[in-house]
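**Q** Top to bottom, those sequences are chains B and U. In terms of my numbering, the first sequence has 2 at position 2, counting the first letter as 1, and numbering is strictly consecutive. In terms of my numbering, the second sequence has 77 at position 77, counting the first letter as 1, and numbering is strictly consecutive.
Take these hints with a grain of salt, some might be off.
Stated by the list, open to error - Quick list of simulated restraints, FRET-style, between CB atoms:
| no. | chain 1 | residue 1 | chain 2 | residue 2 | range |
| --- | --- | --- | --- | --- | --- |
| 1 | B | 251 | U | 345 | 52 to 58 angstroms |
| 2 | B | 378 | U | 341 | 53 to 59 angstroms |
| 3 | U | 58 | B | 378 | 33 to 39 angstroms |
| 4 | U | 84 | B | 84 | 56 to 62 angstroms |
Derived from the structure by calculation, the hints contain no laboratory data. Quick caveat, the model's predicted, so the values are computed rather than measured. Virtual Cβ for every residue (Gly too), placed ideally from N, Cα, C.
Single-letter residue listing:
Number of protein chains: 2
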Amino acid sequence: MKKMNCLVAQSGGPTAAINASLAGVIDAAIKSNSFHTIYGSINGIQGVLQHKIIALNETFEKNEQAVHTLMTSPAMYLGSCRYKLPDYKDNEEQYNFIFETFRQMDIHAFFYIGGNDSMDTVDKLSQYAKTINYDISIIGIPKTIDNDLMETDHTPGFGSAAKFVATSMLEISHDTYIYDIESVTIVEIMGRDAGWLTAASALARNDYSHAPDLIYLPERDFSTFQFINDLNLLLKKNKNVIVAVSEGIHDSDGNYISASKASADKFGHMQLSGTGKALEHLVKSTIGCKVRSIELNVLQRSAMHISSLTDINEAFLLGTEAVKAAEMGLSSIMLTLNRESQKPYKVSVGNVAVSDVANAAKAVPLEWINDAGNDVTDDMITYLRPLIEGEPHIRYKNGIPDYLSIKHLI
Amino acid sequence: MKKMNCLVAQSGGPTAAINASLAGVIDAAIKSNSFHTIYGSINGIQGVLQHKIIALNETFEKNEQAVHTLMTSPAMYLGSCRYKLPDYKDNEEQYNFIFETFRQMDIHAFFYIGGNDSMDTVDKLSQYAKTINYDISIIGIPKTIDNDLMETDHTPGFGSAAKFVATSMLEISHDTYIYDIESVTIVEIMGRDAGWLTAASALARNDYSHAPDLIYLPERDFSTFQFINDLNLLLKKNKNVIVAVSEGIHDSDGNYISASKASADKFGHMQLSGTGKALEHLVKSTIGCKVRSIELNVLQRSAMHISSLTDINEAFLLGTEAVKAAEMGLSSIMLTLNRESQKPYKVSVGNVAVSDVANAAKAVPLEWINDAGNDVTDDMITYLRPLIEGEPHIRYKNGIPDYLSIKHLI
Numbered sequence: 001m002k003k004m005n006c007l008v009a010q011s012g013g014p015t016a017a018i019n020a021s022l023a024g025v026i027d028a029a030i031k032s033n034s035f036h037t038i039y040g041s042i043n044g045i046q047g048v049l050q051h052k053i054i055a056l057n058e059t060f061e062k063n064e065q066a067v068h069t070l071m072t073s074p075a076m077y078l079g080s081c082r083y084k085l086p087d088y089k090d091n092e093e094q095y096n097f098i099f100e101t102f103r104q105m106d107i108h109a110f111f112y113i114g115g116n117d118s119m120d121t122v123d124k125l126s127q128y129a130k131t132i133n134y135d136i137s138i139i140g141i142p143k144t145i146d147n148d149l150m151e152t153d154h155t156p157g158f159g160s161a162a163k164f165v166a167t168s169m170l171e172i173s174h175d176t177y178i179y180d181i182e183s184v185t186i187v188e189i190m191g192r193d194a195g196w197l198t199a200a201s202a203l204a205r206n207d208y209s210h211a212p213d214l215i216y217l218p219e220r221d222f223s224t225f226q227f228i229n230d231l232n233l234l235l236k237k238n239k240n241v242i243v244a245v246s247e248g249i250h251d252s253d254g255n256y257i258s259a260s261k262a263s264a265d266k267f268g269h270m271q272l273s274g275t276g277k278a279l280e281h282l283v284k285s286t287i288g289c290k291v292r293s294i295e296l297n298v299l300q301r302s303a304m305h306i307s308s309l310t311d312i313n314e315a316f317l318l319g320t321e322a323v324k325a326a327e328m329g330l331s332s333i334m335l336t337l338n339r340e341s342q343k344p345y346k347v348s349v350g351n352v353a354v355s356d357v358a359n360a361a362k363a364v365p366l367e368w369i370n371d372a373g374n375d376v377t378d379d380m381i382t383y384l385r386p387l388i389e390g391e392p393h394i395r396y397k398n399g400i401p402d403y404l405s406i407k408h409l410i
Numbered sequence: 001m002k003k004m005n006c007l008v009a010q011s012g013g014p015t016a017a018i019n020a021s022l023a024g025v026i027d028a029a030i031k032s033n034s035f036h037t038i039y040g041s042i043n044g045i046q047g048v049l050q051h052k053i054i055a056l057n058e059t060f061e062k063n064e065q066a067v068h069t070l071m072t073s074p075a076m077y078l079g080s081c082r083y084k085l086p087d088y089k090d091n092e093e094q095y096n097f098i099f100e101t102f103r104q105m106d107i108h109a110f111f112y113i114g115g116n117d118s119m120d121t122v123d124k125l126s127q128y129a130k131t132i133n134y135d136i137s138i139i140g141i142p143k144t145i146d147n148d149l150m151e152t153d154h155t156p157g158f159g160s161a162a163k164f165v166a167t168s169m170l171e172i173s174h175d176t177y178i179y180d181i182e183s184v185t186i187v188e189i190m191g192r193d194a195g196w197l198t199a200a201s202a203l204a205r206n207d208y209s210h211a212p213d214l215i216y217l218p219e220r221d222f223s224t225f226q227f228i229n230d231l232n233l234l235l236k237k238n239k240n241v242i243v244a245v246s247e248g249i250h251d252s253d254g255n256y257i258s259a260s261k262a263s264a265d266k267f268g269h270m271q272l273s274g275t276g277k278a279l280e281h282l283v284k285s286t287i288g289c290k291v292r293s294i295e296l297n298v299l300q301r302s303a304m305h306i307s308s309l310t311d312i313n314e315a316f317l318l319g320t321e322a323v324k325a326a327e328m329g330l331s332s333i334m335l336t337l338n339r340e341s342q343k344p345y346k347v348s349v350g351n352v353a354v355s356d357v358a359n360a361a362k363a364v365p366l367e368w369i370n371d372a373g374n375d376v377t378d379d380m381i382t383y384l385r386p387l388i389e390g391e392p393h394i395r396y397k398n399g400i401p402d403y404l405s406i407k408h409l410i
């Protein structure tokens, strides 16, 4: 059987697990008999359009350590892009260029690791390949910390972000409980439209810490009146109240809660900041106790040092399964994780037509939010718990993690 | 020899290492022949004034695991306070109450783990004990993430905070380098008056990452004009520029860069917030490229899961040495860490009169900042590097760290 070449690329926002999927693709492609050269495109599909394509074999062949270090390195080894291909019916030029490149480089498998928008790219390229009868397997490998991809039980990257959020929430509770004064702490968590990651803060609760005391997700309208009411009720019982909010919470008219109307600084500049800051101002002006807001920020998606072993292993598995799917000649699909059993936790890998996934988003089911709209249910906890289990071995060098990176990006 | 009782308490802001010192005190006091009951005061000296004192023996005697878990638990097991004792010449009532409590409970050693303000408490209580001829050893055990205590090479808590800052900076660089667009990322790091922790961000640099590209400490006046100039020069060479700034940077008139929400706390310290945000707005309005600010926030001081083994071990050592110092009848002292050698890194424990330490702060030496005022020197790196070495073993349970806490605080 004649060997062909394959191409892999990464796209969208970073996660701790996206390089584990890349490592899975590389490892399986090296070990398979189907592929000659494994190419990587720098900065996603943009790298193909700009001819920034490198061969990966030399770096990773016969180097298990490099594969393992890649598995435990955050963000994208190959860089990313946020580029949406035009419809080929409107503009065929880019498609011509991409497939001419594939032809010249003998590329007959393309693995694209990404979220909703990246699956749109997989979908469009798959459709175009059919129209020109170009023989290629185009496989989408899911990732997103938002956990909002359709048709998969959960997404690689989410478990690690969830573990960072839960661990940070627990550490924030230790930080907060030490003072014998009334306080409100508001922790702002990523998630513009889906509340999965904010829900994961509930995993911080243990036999001594009830934090977060309140959880607000974007799937339910947010009422500032109800929020202050919730706080006042809790402050009668507890000295310290800790709140988890999605950055994307909004009122019943769909307006985001943000601090755009907050006070101007001494130069007269408006202080534009996030949801947490807005609520901080609100609590200060209504309740008046000590209040602090904390934005977990980009560390949620890049803190590999506190990643979930379950997540990293599943991301790697999807990489290897993508190679198998290409060898079987499948195309236009996104791989999925299906939960086979809860106790013990077990997943299998499946696949769906990528057109069923692209440009859609999976919200938190309303029945997993409590009636009051300020907490999640036990079913949510049961769903989330296994995803953050286990700690991968991270190597350290000079006191900091020893990650893998390529100079091309810097 | 008749056994006496001892008391230990914690005060000031949390760190990842302050419970390791508590564990050291408890471990050494249990193993010594000098002490009968080991008491802990809840919420620092306030706990003595409010009679919130508990015996610690039962929890920790014959329980090495509890001692180890305490060593690797963030913030303060016994809670904290920010309480400044009045001068006894102005108000003797509280001193009467404290020493009457000591007398009744047969307490003849008091270990106070804290920063500058806590050393003020050690100093005042020591002086008062002399005036009333009460036989007690009062020993200060240093801690602060700010590393700004006089007379000690460095402070417990700093190394762990520094490791969190350096690791986060490295992970932020991975997050930033993936996009092929011009960007400025500003990381705001704790440090009102001293730039030690911001300087530690330089430890993130490795053979592929030059982040942070610019470092600004409060020891040098900050010029917004020079800052924009520095950025423009770097943006000609690099696509992504990552900046580390202390929250306490100020202009040549002493005005904080963002003091819009400043208000003095009980000790007269300014509460800062939003330096990163202020610079983000400045860059947006002058340079106009993609810009993001990240506030590392309280995780700097409570992220035990990425603490420094060197730091935790030294903090524990100081706890055990404090017990020895009390057994030797020393008082009115703060223990210090003295760097005996750099290669291999080695410290010894010494002590100084607490009056030499209280209410003073150690700034970064100006010769460890480069001439341009936008980076630190190699001498600074050499000083910092050993402090973040090593990773303690953290136990996990249900995917989150298994820390120790007492219900008294919640």
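**Q** Indicate, hint by hint, whether the structure satisfies it.
**A** Hint check:
no., hint, verdict
1, B/251 x U/345: 52 to 58 angstroms, "holds (55 angstroms)"
2, B/378 x U/341: 53 to 59 angstroms, "holds (56 angstroms)"
3, U/58 x B/378: 33 to 39 angstroms, "holds (34 angstroms)"
4, U/84 x B/84: 56 to 62 angstroms, "holds (59 angstroms)"
In the structure shown, no violation is registered for any of the earlier numbered hints.
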